[in-house]
Amino acid sequence: MRTTQALFKLRGSIHPEYFKGLARDKDIVAMPLPKQLCVSMAQHLGAPAKPIVSKGDHVLKGQRIGEAAGFISAHVHAPTSGTVTAVEDGPTVTGTLALRVVIEPDGQDTPANALPPIKDWTTAGRDTILARIADAGIAGMGGAGFPTRVKLSPPPDKPIDTLIINGAECEPYLTADHRVMLERAEQIWQGCEIMRSLLGVKTVRIAIENNKPEAIKAMQTAIAKADGDVAICILKTEYPQGAEKQQIFATTGREVPSGGLPMDVGCVVENVGTTYAVWDAVVNGNPLIERVTTVTGHPVAEPRNVLARIGTSYADLLAFCGGLTCDAVKIVSGGPMMGIAQSNLETTTTKTTSGLLFLEASRVPEYTSMPCISCGRCVVACPMDLLPAELSNRIEAGDYDAAESLNILDCIECGCCAFICPAHRPLVQHFKMGKSRVILKRRQAQTKS
Amino acid sequence: MDWMPVLITSGTIGGVGLACGSALALAAKFLSVPEDPKIAELEGILPGVNCGGCGFAGCADYAKAIASGAASVDLCAPGGPDVLKKLAAATGQEATATEKQVAMVLCQGNEHRAVHKHIYNGVADCNAAAMVAGGDMLCTYGCLGYGSCAFVCPVGAIAIKENLATIHPELCIGCKACIKACPRGIIRMVPESRSVHVLCSSKDKGPVAKKACQVACIGCKMCVKLGGEAFEMDGFLAKRNYAIPATSDTAIEKCPGKCIVKIGASEATTQTAPADGAPSGSHA
Amino acid sequence: MAEYILLLISAILVNNFVLTRFLGICPFLGVSKKLSTALGMCGAVIFVMTSGSAVTWAVQHKILNPLGLGYLQTIAFILVIAAFVQLVDIIMKKFLPALHGALGIYLPLITTNCAVLGVAVLNIQLEYSLLKAVFFGFAASLGFSLALVIFTGLREKIDRANPPRAFQGVAIGLITAGLLSLAFMGFANMVK
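Chains as they are written, first to last, in my numbering: chain A, 148 to 596; chain B, 231 to 514; chain C, 4 to 195.
Next comes chain A alone, as it looks inside the complex:
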């Protein structure tokens, strides 16, 4: 049995109710083409892509419609064949505006076949594979959307010795990664082998929480014949096990330094969905144009794991899952802990949309935020060893310099502190605002000097 237990327990964590049962046993179902697809150019971390099609153009499935703008950026592809009806500003998941390409599908789904399949990737060469991953526009599908090509080509002064495949899926409600591991275990392992050869590492850890025994079993079968130090690392079910830095600590015992990246401690972490996308892009020549999104929540008539084209609107996704049985008061793109609340269903899916969650009134209590009572529960809960109470006090007073010296930039916005706070303080929101201010201040200082 190639399994190991987690080496270290998280510094701080919480145990929310998971509600994974809603969609855990539902097979991944491919959603039929909607009437319209709006493909955002800002689906990844870094510079938004530049659209290279204009209104009236006819595009084919998998044709490149957005060019990566800069080193940390990713290409965007047409999810199906059809006509471009507009290239305009549209709302992103955070409510800001970004360019998007609106495509009206012609129903033919004619493939462009721009990327030839590389059946024998072992002999293809490192540069070819890396170029393919960039051409397929793959970005981290766990949530942050960091361009995978950049992650897989670390600078030579940062030796990598461990590849971690992240299948923890610690967010409550979400089951997309779980289903992907169950149904596509073999492909994930192949994708993992591809990345392993790119990085030249022997050690691979596939990190899965112990509330997904079926996924652990499926992945064990897939890696049965693997050579080298490959093992499933079984993590305790606690939030935030799936956060990159926490996962590295749990699986290897290494701690990413403040302000550092996983490569500083010789690790690369990839989500299971990304791993599958890498395999699909290399072996089948398919760019990243669809992903599994969990549509869930108690008001949803039929919670499902939907394989939807990127650019599908939230309204279409909900309709495919049978609509709502009762009124939902909160719509969250992503999981309940780190997801972003939406004010309508016009937003469309991106490469990072892992879930769409609907919450009814009884699960969204109205809180009034009270002053901090200095109980220190947030300090115990913080997985990054920060002082959330102190930080939020300082941000509330407008003292961003003090917040910076208390390492606010190390906050991963996991929400443990706000979850546990008995005074219902909106801690994460404070930190999000404080971080944006501190980053802005640093940028201004940089341009001045």
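Think of the hints as simulated: they come from the structure by calculation, not from any bench. Computed from a predicted model, the values in this text were never measured in an experiment. Ideal placement from N, C-alpha and C gives every residue a C-beta, glycine not left out. Check the hints yourself; a few may be wrong.
[To be verified] Simulated restraints on C-beta separations:
hint, chain 1, residue 1, chain 2, residue 2, range
1, C, S184, B, H398, 18 to 24 Å
2, B, A473, A, T243, 29 to 35 Å
3, A, A278, B, V438, 29 to 35 Å
4, C, Q171, B, E392, 25 to 31 Å
5, C, K160, B, Q444, 26 to 32 Å
6, A, T384, C, K37, 42 to 48 Å
7, B, Q444, A, D474, 57 to 63 Å
8, A, T384, C, N192, 19 to 25 Å
9, B, I349, A, T243, 16 to 22 Å
10, B, V491, C, Q171, 56 to 62 Å
11, B, H398, C, N165, 22 to 28 Å
12, C, V152, B, S262, 33 to 39 Å
13, A, P303, C, N165, 50 to 56 Å
[Said to hold, decoys possible] Computed list of lysine to any residue pairs in SDA-like fashion (alpha-carbon distance at most 20 Å, straight line):
hint, chain 1, residue 1, chain 2, residue 2
14, A, K349, A, L154
15, C, K36, B, Q331
16, B, K469, B, Q331
17, C, K37, B, A253
18, C, K96, B, A257
19, A, K156, A, P404
20, A, K197, A, A233
21, A, K582, B, A354
22, C, K96, B, G251
23, A, K372, A, S344
24, B, K347, A, S460
25, A, K477, A, A233
26, A, K372, A, T269
27, B, K294, B, P264
28, A, K595, B, Q331
29, C, K65, B, P235
30, C, K96, B, I397
31, B, K347, A, A462
32, A, K595, A, Y547
33, C, K160, A, E543
34, A, K582, B, V382
Following the hints, put chains B and C in place on chain A, whose structure we already have.
Just chains B and C now, kept in the frame of chain A:
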């Protein structure tokens, strides 16, 4: 009477004082670090509010920058024309007389007029609210009303009434702190003598803007037709051209969005904005 | 040796200059709004009190005592300390510009500070030797620094805690200082 103790006493204290004084004098002469006397002079002229509106860390920092030639003399907003004149005289620079500018919130969408798209119950700060699905107002340009500008105003000139920020023009010192704090960018500096303003910032097309707010500019160009060059269009948004006085009230009356308002007395008919001493409009 | 350790503990905790002897209240209240400025003040006070002790000891024992003018102590000390601090300011500016940048603005503030004068007078009253006087000056300034840093920390926290309007600013500051002083009374009579 024996005068000796008195002489010894005063001699000792005097001697110690003389020794200390000479030591200081010598030190000041031989160890002094040359410093531009101009800096102290300029610092004396500046108002000393340390508002940071000039872009420097405070009045002393700004004085240093002027003395070294790194900054022009016209950056001090709280000082107004008086300080500008004095600074120009002290440095020998040309004084380009500018009128006092005050900040103005170009929005009238309070909680009754603007439409909300969702309920927001997070941190009471505009920047935080704007980060949640782009703010809780349907209008993506308008005032959010959580008072980030009022929080940073050094003189308390900004009031939040019914979720709308209003700046008191007589209290405003023109430091532009509110402009930096506003996530929507709807606060603009306007000449103090001008009283007619287009109080809308929505660049949306007419129907969209109207759906979002009762007092939105719908881009009908009525003001340009009636008010002449005092108004200009920026896409679907009318803007005030403050170089030209708006003398007629017809544009205000006929504006279908009711977004052109007059605050205070009518504008003088002079073509260019007067340098100083202009009648300042009182807040309505 | 034990004598010096006792002197140190006495000057820092038991007979703290600010909280027990109530000397140097002006900078204690004035520069206790931010920790960074408070630390700068501490640095300046440690420097001036230590070296000031030496200078005033010399003035008393080499000039005033031989002439039988002990009663001129106060006037002479004020004069000498003020001139000395100015001199240090000028010399520091010339030769140690970096240190001057950090402490420079605090030096003029303490030219006639009562804590500096107090330590000079106490040195004479308690008949300390030169070495002991310098050590006492250093220990007393450490005590001042401790009180200032604790107080600044409290004030920073109180400022964020949003006290009622009537108490904001100096009012709550004075109450805090009083309570802090009471707390230091707990050390009373530990060392003579």
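Problem set entry | CB-CB spacing for C:K37 and A:T384 relative to the 42 to 48 Å hint | Given range 42 to 48 Å: holds, Cβ gap about 45 Å.
Exercise. When you check the alpha-carbon spacing of C:K96 and B:I397, does it fall within 20 Å?
Worked result: Roughly 45 Å between the alpha carbons, so the hint for C:K96 and B:I397 is violated.
Exercise. Are the Cα atoms of A:K582 and B:V382 separated by 20 Å or less?
Worked result: 18 Å, holds
Exercise. Do C:S184 and B:H398 keep their Cβ atoms within the hinted range of 18 to 24 Å?
Worked result: Given about 43 Å between the Cβ atoms, the range is violated.
Exercise. For the pair C:Q171 and B:E392, does the Cβ-Cβ distance stay inside 25 to 31 Å?
Worked result: Distance hint for C:Q171, B:E392 holds at roughly 27 Å.
For this session: Starting from A:K372, check that the Cα of A:T269 is at most 20 Å away, please.
Result: With Cα atoms ~17 Å apart, A:K372 and A:T269 stay inside 20 Å; holds.
For this session: Look at the Cβ atoms of A:P303 and C:N165 and judge whether their distance stays inside 50 to 56 Å.
Result: Given about 53 Å between the Cβ atoms, the range holds.
Problem set entry | Cβ distance range 56 to 62 Å for B:V491 and C:Q171, holds or violated | At 37 Å between Cβs, range violated.
Problem set entry | 20 Å Cα cutoff - pair B:K347, A:A462 | 17 Å, holds
Problem set entry | Hinted pair C:K37 and B:A253, Cα distance within 20 Å | Given pair C:K37, B:A253 is violated - Cα atoms ~35 Å apart, limit 20 Å.
Exercise. Is the Cα-Cα distance between A:K595 and B:Q331 20 Å or less?
Worked result: 26 Å, violated
For this session: For the range 57 to 63 Å, tell me whether the beta carbons of B:Q444 and A:D474 fit it or not.
Result: 28 Å, violated
Consistency note: the structure conflicts with the earlier hints numbered 1, 3, 5, 7, 8, 10, 15, 17, 25, 28 and 30.
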